[in-house]
Each structure stands twice: as C-alpha cells, then as structure tokens.
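Working from the sequences, and respecting the hints, build out all of it.
2 protein chains.
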Amino acid sequence: MNFLNEVALHYPDAIQLAAGRPTEEFFDLADVHRYLRLFCRYLADELGYSGERVRRTVLQYGRTKGIIHELVAENLRLDEGTEVDPESVVVTAGCQEAMFLVLRALRADERDVLLAVSPTYVGLTGAARLVDLPVRPVATGARGIDLDDLVAVVRRERAAGRRPRACYVMPDFANPSGLSMDLPTRRALLAVAEAEDLLLIEDNPYGLFHGDADRLPTLKALDTSRRVVYLGSFAKSVLPGARVGYAVADQRVRDACGGVGLLADQLSKIKSMLTVNTSPIAQAVVGGRLLASGCRLAGANARERELYARNLRRVLDGLAERFPSAADGVTWTAPTGGFFVVVTVPFPVDDDLLARSARDYGVLWTPMGHFYDDVTAVRALRLSFSTVSPDRIDTGLDRVAALINDRLGRPAVAVINRDRLADGAAGEP
Amino acid sequence: MNFLNEVALHYPDAIQLAAGRPTEEFFDLADVHRYLRLFCRYLADELGYSGERVRRTVLQYGRTKGIIHELVAENLRLDEGTEVDPESVVVTAGCQEAMFLVLRALRADERDVLLAVSPTYVGLTGAARLVDLPVRPVATGARGIDLDDLVAVVRRERAAGRRPRACYVMPDFANPSGLSMDLPTRRALLAVAEAEDLLLIEDNPYGLFHGDADRLPTLKALDTSRRVVYLGSFAKSVLPGARVGYAVADQRVRDACGGVGLLADQLSKIKSMLTVNTSPIAQAVVGGRLLASGCRLAGANARERELYARNLRRVLDGLAERFPSAADGVTWTAPTGGFFVVVTVPFPVDDDLLARSARDYGVLWTPMGHFYDDVTAVRALRLSFSTVSPDRIDTGLDRVAALINDRLGRPAVAVINRDRLADGAAGEP
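Taken in order, these protein sequences are the chains called A and B.
Take 1 as the starting number for the first sequence in UniProt numbering and just add one per residue.
Take 1 as the starting number for the second sequence in UniProt numbering and just add one per residue.
Hints in this document: simulated from the structure, not taken from any laboratory.
Model, not experiment: these values are computed from the prediction.
Even glycine gets a Cβ: it sits at the ideal position worked out from N, Cα and C.
Hints are supplied without guarantee of correctness; some may be wrong.
[As the list claims (entries may be wrong)] Interface residues of chain A toward chain B, partial, derived using beta-carbon atoms under 7 Å:
(1) Thr275
(2) Ser389
(3) Pro390
[Said to hold, decoys possible] Calculated from the model, a selection of chain B residues having no Cβ within reach of chain A, i.e. all distances over 12 Å:
(4) Gly81
(5) Asp132
(6) Asp146
(7) Leu190
(8) Ala235
This is the structure:
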C-alpha cells in the first residue's frame, strides 16, 4: 500500500475515502491516563498485587502471552458469547502480529498453502508473503464465501501434493468487500471445514460495527470442534495507537518434542523470537478500557457504531442519487455495517486512475486491484467512510461521480454540489 | 528459554541470577504519565501541532518507521557521537523486532547465512530461526571477536557457495559473555568488514552501563562507509514495558523495482506486514523520557550505571573470596560493565544441574549451553546481577559456591553465610 500512502501524502487536501482507520471524533488523551490508572488499580485492588508487583507488571518485561488475557476472555464471553480459556489467548502487537504468528506456526515447508476469500485484506497477503506461504484465492460469491469453490480449491491443492493449512475469512463486513456471511453460510462453512479437515482463521475487526442490523454469532462462537483460530483487534474498538490485538488458539497440537500442547503456546514461542512480549503499558491502556466498560466493548462503542452506520447510509443514499439508473453500469455493494463500500464501474481501475483522481478531482479511494493477485483487470474501487464527516462524504461522492462520468464521457447525473468541486484540492476545512 | 522460565516460576523464592532484566529500583508509574504529557507538549509547543494532530499522532495508526525518529537521532548524536539521518531510523516493537526485520531483509534464499560471535544472544538465534537463516559461529577470542576466525568463516562459506549476509556482534558487554571489544579491535573489525565486503549488525543494549571504565565509541560511530546496521534498545535505558527499540539502517540498497533506496525503507515495508507500526503511545513514553533528559540517556542513567557497577564489583569480589585458588578449576570473566559474568567450572553445566540448583540450593543462573549450537558440552554458567541487591548477591554466590563445591566433592572455601543457606528456598525477603 506504499503507493497509496504516497498519493495521500502528496494530496493532503483530497477527501479521504481510502483510509480504513477508525474515527478520531472521540479521541481523548486523558483517556489514556484514565485507563492506565484503572488497570493499575485493578491489579492492586482486584488481584491483590503489591505496589512493587503492579510496577513490575506494567513496566518490566513480562509474560509472552500477555497480561490482559483474563479480561480479553471475559470480553469474548460478554460480547461474543464465546467461552475461551484465557491460556489460549495470545495478546499481540496489533492484530497484524497475530496474523503473522498463526501463519508462521502453520507454515512447515514449501508444500503448505493458505486459502483466503478473494478479494483479500492486504495485511493477510503481506504476512503470508513474509513467511513464504502461497495464498490460493477462494471465490467470495454473494454470501461472503463460495463453499463449492472452497471445497474445489482444497481438493485441487491436495491432489497436487500441497497442504492447505487453513482458510482465512472475515465473516463480518469484510475488508475490502464489505460483505458478511449469513448464519446458514457460517454453519455450512464450519461443516465444510470439519468434512475437509481444514482450519479456519477468523479475523473480526469490524464485528461491533453492525449498523442497524442484528449481530450474528462469530464462527468461533459457533465452533464446537476447535476448527477456528480467532483473531481480534482493539484498534477499532479501543484505540489504534495502543497496537494491541490477540489470537485465540485453543487447538491441541503436537510440539517439536512430541508432546501435545495448545497452539497458543506455539504462537507464544514464535512471539518470544519476534517481539518478546506486547508492551504491558499499551496492554494496560486496553485493559483499563475493558475495565471501564465492564468488559463490554459492544456497548462502549455505541457512539462509534451509530457514527459508522450514519456514514454508511449517507454513502449508499449518495451513490443511489448520483447513479440512479442501473443502465449506468455503475453498481455497488450494500453492506449493513463495517467501514467499506465497493463500487463497480465499466472500466479498469488502477493506480494511475487513483493518481488522476487525487490530482484532478481531489478525492482518494482504493483501487480494488490491490486486494487481488492480478491487479490490472479489476474494475472496482473501495470507498471507506469511517473517518469523514457526512458533508465531506457528499463532496467526496460528487467528486467520485465526476471522475466516473468524465471517464465514461457523459455529463454527470444529479451533481448536487458542482461549486464545491471548483475549489477542489486547494484547501479543505 | 522456556525451560528457564518454568524453573523460575517453579522456584519463585530462589535467588535470581538468571534474568537479564533491568533493575526495578527506580520504577515509578507516575513517570509514564509524566513522559506521555511531556511528549504531547513537545508535539504542540515545539512542533506546532494542533490539538487534533497531537491526538491523531499518539492515538491513531501512524508512520510505519515511527514518530520519535528525530529524538532517537538526537540521542545518538549526543550519547554516541553518531550522526544519522532520522529517515534511516526504524522504531520497532522492542529491539527483538528490529533484529527480525534486519534478518528478514537480508535473507533472500537458502544460500544465505548469518555469522555471529559465539556464544550468541538467544534472541538473535531465535530471530534467525524464524526466517530460516542458518547461523555460523565465529570465535569470540579474548577481545570479543576472533578476526582471523571471522575471515576464515567468511571465506569457507563463500567457497561452499553460500552468502554470508552479515556478522552479528555486541561490542559492549556482550550477552552472554560480558566481554567488550577494545578500540583497536573495533577498528580492525571494520577494516575486515570492508575488505571482505561484509555487513555488521551491531547490537548495543548495555553500552550505557560501562561501570567505572571509559566508554568506547560504537562501531556505528566509527563507521565511515555504512558497513554497520545499528540496533538500539530502550528496554534498559528507559523502560522494558514500553517495548520500544530501533534499527539504524542507512545503507543504500536496491529494491524489488530496481530502484535504490534506504535499507530502512525495506525494513519499514517488512514491518508494515508484521506489526504495522510501533505503538505511538509506547513511543510517546520513550519520547517523553528522551525529552526529559535533553536526549541524553547516558546522563539520565547515572543511578542505574552506579547500581550495576556496584553489583558487578560485588560479584567479582565475591567470586574471588569464594574461589581464592586458580587450582580450583573455577574461573570467571572480568567485564568492566554490563549485566553478566560467566563462570567456567570443571564439569558439564546443563538444565538438569540448573533444576537441581533451583531445588536444592535456591539459586537460579543460566547454563551457557543455551548460547551455543551444541548445548551439552559447555562447562560454564552465566550470572546476571542486574535485578538483585548486594545482600542477595552474597547469598546467591554462597549458594552457587556450595553447588560447585558439592559437585566437585570438596568442602566449601570461605563460605561466609552458611546459616543463610540453611533456610534455603523456603522463603526470601
């Protein structure tokens, strides 16, 4: 994504519909101090630690699997209806490290491959590249995963002598597609995993932001046979700046010495060679947030959920206004939550077009090609709406519509704010 | 090191001469709050950031290479006499991540090998294992590296069709040997690296703790031709709980697209797939500490340096008292600083002996075999003195001496506190 960052740096005044970051509207530095104090008080009052032990816990080297595993397990119980042994939780330097640890643990030799629903989150593809684990795409279909294709890919790989070690999925408001799996699809996916003896890696950064729809149980909550390694992130539900995520890896696996132990303990060994342990200061901040909310982050993120839901409605309504006719050849996904909408257009979308969009139209988005093996052929772009105000969504969509219509060589339909476009990239409030 | 941790957990009352952690004597939770505030004030007052931008800098996702690179560069200028471009600094989730990033960047295929002075820090060996980079030992000699052996290993590897990508060294108070390179050795090592076209990876966690001796310039400070990738840690000089370290990688290298750029930017790309960025909250804590000290950590660590120097004298004097005769067959290194002394004994030292030492003698140390390829044959143990009081050093040495003398089947010499040994592992103050 380096090119995308460069474009964003080069056109700082362009409207940001590219970045998948959480809203900054509720950021408060005082929270960091408050959470730290809360966590230290919890260590002293609830766990009975001496002052010396509190200081050591937060300031010294510490447990490789982390110090907030009990709170994470409690959060999973309350928010996800998932009972996990805290010993199966590995707290990581962001969810990205959790991804790396799991892939590194699964990769034994060059026969191993990873399956992933395509389009695929770039962080997953990057981590897989770091451990030399090839990624085989599985079609996403209309329901977040095409199970027939999944089975076909597993069997084809096995027939070729390769070992599909797991399939990576984001069942809730996937990045980048925005799509979710319905409940029957989740159950069917677990059944396929069981039948084909396949591990599932469930990544769930957006589950709490389910808009106006009901939440569905995670795969991990439905998992009765430890088929699912669950990846959690606090970047969106607490603070990105803490860089704290985790993996739940309760699978029983054979270790190097022939004994049987938790996959979490294998991840811990790898982590000890990678980052030693996750900053306990950063963990204390997240721990304090968990304590402040009674370990219920779903409730604690009600404001954020409403903000993202409002923005999502604005984007979907705005696209319908600007492209009223299906004959336009412009279509888009209609997620019920999350951070992303994907717009399909009748022409190729690449980095050059993005550069032109930034320069001539003052709006940034992400070419969908970045989420596929073959970048060039993709005719779609991803719009993120998590860090923009409703006004800027309107202006951003005006600009996206102007770009698309210019590209198609036709006048814009329902350009609501032509005058706003005129002062373009010159300067934004 | 999992076995060592287990032994320590199992015998919590044993005297800790195994852990290479910094002293907790000056730990203060209020410092964390103070440093955070100082860093935020610096962003606002010195860099002129708006409140919104300060919040975004500390709480949002951020620059992959970090946000305290300017302060790190200033610290290197003031404390090490090293001028580095802040753009060549990559701030990492502890120095361990820096190690991983460098090794991952250097490892292209199975022909690549890494050289490392033996005995070698286990974190280096672990990171090398994660990236499938074989480690070839180079003899340490009396001066921290045997240069003849270095040249011989480089040439032997090349003759066998392999590519020695770098040699890993810890020129100041190495972990585990405690040995340092003198100035002529440093210059000669740089000359060898130049002559043999070899990169050096300099790891420097203990340089500030130089006891009563003068500090010597780092390899990086003497490096005029960008032969040295420098690894820095704030675990000992600021706080382990921040988990913040860094690499200085100012080498010009060819990237995947054929362009030429900084090695630091290649490390940054790898980091974006590993941990995305280092927690800016944790960086802010370290940044605040740097600001509080005018970026002079050498001065700011005067108390710590004196404590470690005092403990080092206590260990060296205590060993001399307990093993007065060279005929004992018990010898030890005499470092001038750092955290470690290595004791050589006339019998094999392994994990079983450590377990017995913990159970029967109430003292923990580290079998030196852990720092070699071949664990079993090593007849030495590492004593750490960074987290113990002088009294406990005395008791710990009594216990180590009792173990050694019992093992040699002879009465203890100069056992000063036989009565202290009697209440053994039952409970410690």
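Here is how each hint holds up against the structure:
Residue-level restraint check for Thr275 (chain A) holds (minimum Cβ-Cβ distance to chain B is 5 Å; threshold 7 Å). Restraint check, Ser389 (chain A) versus chain B: the minimum CB separation of about 13 Å is more than 7 Å; hint violated. Checking Pro390 (chain A) against chain B by beta carbon gives a least distance of about 18 Å; that is not within 7 Å, so the hint is violated. A cut-off of 12 Å between C-beta atoms confirms that Gly81 (chain B) is not in contact with chain A; the least separation is 29 Å.
Once the 12 Å rule is applied to beta carbons, Asp132 (chain B) is inconsistent with being away from chain A; the minimum gap is 8 Å. Every CB of chain A is more than 12 Å from the CB of Asp146 (chain B) (nearest about 27 Å), matching its label as outside the interface. With a least CB separation of 29 Å from chain A, Leu190 (chain B) remains clear of the 12 Å interface cut-off, as annotated. Residue-level check failed: Ala235 (chain B) sits 7 Å from the nearest beta carbon of chain A, not beyond 12 Å.
The structure does not agree with the numbered hints 2, 3, 5, 8 stated previously, though it agrees with the rest.
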